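Number of protein chains: 2
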Amino acid sequence: MVLLTALVVLGQAHAQTDPLPSWNEGSAKQAILDFVRVTTDKAGPKFVPSEARIATFDNDGTLWVEQPIYTQVTFAIDRVVALAPTHPEWKEQAPFKAILSRDRAAMAKFTLQDIEKIVAVTHSGMTVEAFAGIVKEWVAGATHPRFKRPYTELVYQPMLEVMKYLRDNGYRTYIVTGGGQEFVRVIAEPVYGVPPEQVIGSAGQTKYGYGKDGNSTLVKVPKVLLIDDKAGKPEAINFIIGRRPYAAFGNSTGDQQMLEWTQAGDGARLMVLVHHDDATRECAYGAMSKIGAFPDALMAEAKKRGWVVISMKNDWKKVFAFDGHH
Amino acid sequence: MVLLTALVVLGQAHAQTDPLPSWNEGSAKQAILDFVRVTTDKAGPKFVPSEARIATFDNDGTLWVEQPIYTQVTFAIDRVVALAPTHPEWKEQAPFKAILSRDRAAMAKFTLQDIEKIVAVTHSGMTVEAFAGIVKEWVAGATHPRFKRPYTELVYQPMLEVMKYLRDNGYRTYIVTGGGQEFVRVIAEPVYGVPPEQVIGSAGQTKYGYGKDGNSTLVKVPKVLLIDDKAGKPEAINFIIGRRPYAAFGNSTGDQQMLEWTQAGDGARLMVLVHHDDATRECAYGAMSKIGAFPDALMAEAKKRGWVVISMKNDWKKVFAFDGHH
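First to last, the sequence lines map onto chains H and E.
For the first sequence, the positions run 1 to 326 when the working numbering is used.
For the second sequence, the positions run 1001 to 1326 when the working numbering is used.
No lab work stands behind these hints, which were simulated from the structure alone.
One or more of the hints may lead you astray.
[As the list claims (entries may be wrong)] Simulated pairs of lysine to aspartate or glutamate, DMTMM-like, Cα-Cα distance not exceeding 20 Å:
| no. | chain 1 | residue 1 | chain 2 | residue 2 |
| --- | --- | --- | --- | --- |
| 1 | E | 1303 | H | 301 |
| 2 | H | 313 | H | 278 |
| 3 | E | 1164 | H | 51 |
| 4 | H | 212 | E | 1266 |
| 5 | E | 1212 | H | 301 |
| 6 | E | 1304 | H | 213 |
| 7 | E | 1212 | H | 266 |
| 8 | H | 304 | E | 1213 |
| 9 | H | 164 | E | 1301 |
| 10 | H | 212 | E | 1301 |
| 11 | H | 303 | E | 1301 |
Just so you know, these numbers come straight off a predicted model, no measurement behind them.
Let the hints inform the model, and build the full structure from the sequences given.
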């Protein structure tokens, strides 16, 4: 009984001293622990008051899987298929024809205009509540083609630990995604514990009006309000939060400006990139990857600026919560 | 001594039971107290969980004085005067000429294009940090022409009490202003206790770039990002917060849609309009007031929809903190 108690106490002590159990010991893990220690040490020179503790996270490729294609693109494709019976003209109309005939070669050549057309028909014309309902239902039913699991399970366990660790230390965790704000809001609360007002993303406009019952409505319209990518990320962070982050996490050139802007603040700042170099458990992108590009230039930039680069392969004990018990 | 103690205890008890001491008893005060009671009563049918407790406040005319002209317009005029020495051409150039020659008749006829020109030269071309510094300095030095006090003292004491009362009961108080977001953020924290990320306002775009030191910068550019007025208010609230408010406070037709959208939610909702009917202590606008219009149609709407209308004259014991000790 004494031994058992001792073991329980030891177990608890270990849990308390390792907030990042899915991480291997190494410079990436240490940088995160050090950052939190110095910014929460009230007596230290790098203390950050709690109201200023902001950490921003890219979503696709930083918090969840973005390969072989962005989850939201899969959603849009599935929506085109679901809506096709009420749009018989799509059978002969680009870009819908390519989707409906499963013409992967044509889909691979989609232009920005094609994608805009697909986003317009799948992401507008309904109230904001109706859209959230459609996303929720899709997320509940969809599975990833390779992992054969819901997309909401394809989140990186080590990153969930970082988010929780930061929140436990008074940081507010924001998602700053190039993906659609209203799409990501649906999954952010249940999956990441991030509330809607802490999700910043690319967004379309809405139009205020009145429904049949006379009650007011907000309907999604096919006009861009902001694109939250590259330079758009620091611009949107300043617009929506009005504070500079102390920590920023990304995985691609789309996140570079967010990390630069974070670093340009004074005191301790933490800039982190997730490097996808684990073909076995997830993906090894390579410099030429079509999405989530991590070119040599970004790696050079990270080295020059002293950013932390996470090697999925070496820094993470597990990638997903289900790793090790398939 | 016993009597003194008794008086102190009584005084404390009274302070605890009256969170709105600057309010006269009446239906407006009672509606606010009732709303907070039912939405925070865990056992009641109208309980609102703390994460959903959002209250939105218009600024000009709802939280601080907006007469004879919006404070931010005074700021812009003062900035034109301050910048004039480096722009000698303005002496002969509309609309600047009217400001520099103090031609009030010409200024009263300013068109939207004139105002856009003034906003462009006074609200862009500098980093976001530089702009905040300019506003801070101006606010510290400027005084209101009638009240001869800093603008930051011309806030309605009863509304400060409502904001604090809501926050004490787990509500997050947001400012949702037609005024400039970055202008209002400067005063919102010290004056209202509202942090920058809870200030939503009309906003211009910023442009990400690099300064001479190679560090990244955000420079304000003269392009509109959003106009946070009328239908723009619920649209911006949905965009930035992603939640529908449970309480909304305004004072003009610019706030009507925000109140309608608040009311269209289920459960208990509180919609409040401040009616400026106190010419002695502040202003009596009348239906034809140029700014902050409260036309008969808005009063009729408020009655039809059961919105609370605050009479400054009858509902407020004092308007400003300094009332009673001039």
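Evaluated hints:
A C-alpha spacing of about 62 Å is found between residue 1303 of chain E and residue 301 of chain H, which places the hinted pair above 20 Å, so the restraint is violated. Taking the CA atoms of residue 313 of chain H and residue 278 of chain H, the gap is about 5 Å. The hint holds against a cut of 20 Å. Proximity of residue 1164 of chain E to residue 51 of chain H is assessed by CA-CA distance (about 18 Å); at most 20 Å being required, the pair is judged to hold. Between residue 212 of chain H and residue 1266 of chain E the CA atoms are separated by roughly 17 Å; this keeps the pair inside 20 Å, and the hint holds.
Proposed proximity of residue 1212 of chain E and residue 301 of chain H is supported: the alpha carbons are some 18 Å apart, at most 20 Å. Of the pairs offered as hints, the one joining residue 1304 of chain E and residue 213 of chain H holds, with about 15 Å between alpha carbons and a cut-off of 20 Å not exceeded. The straight-line distance between the Cα atoms of residue 1212 of chain E and residue 266 of chain H is roughly 17 Å, inside the 20 Å bound, and the hint therefore holds. Restraint check for residue 304 of chain H and residue 1213 of chain E: satisfied, since their Cα atoms lie roughly 15 Å apart, inside the 20 Å limit.
A threshold of 20 Å between alpha carbons decides the hint, and for residue 164 of chain H with residue 1301 of chain E the separation of about 47 Å lies outside it, so the pair is violated. Of the pairs offered as hints, the one joining residue 212 of chain H and residue 1301 of chain E holds, with about 18 Å between alpha carbons and a cut-off of 20 Å not exceeded. Taking the CA atoms of residue 303 of chain H and residue 1301 of chain E, the gap is near 62 Å; set against the 20 Å cutoff, the hint is violated.
In summary, the numbered hints that this structure violates are 1, 9, 11.
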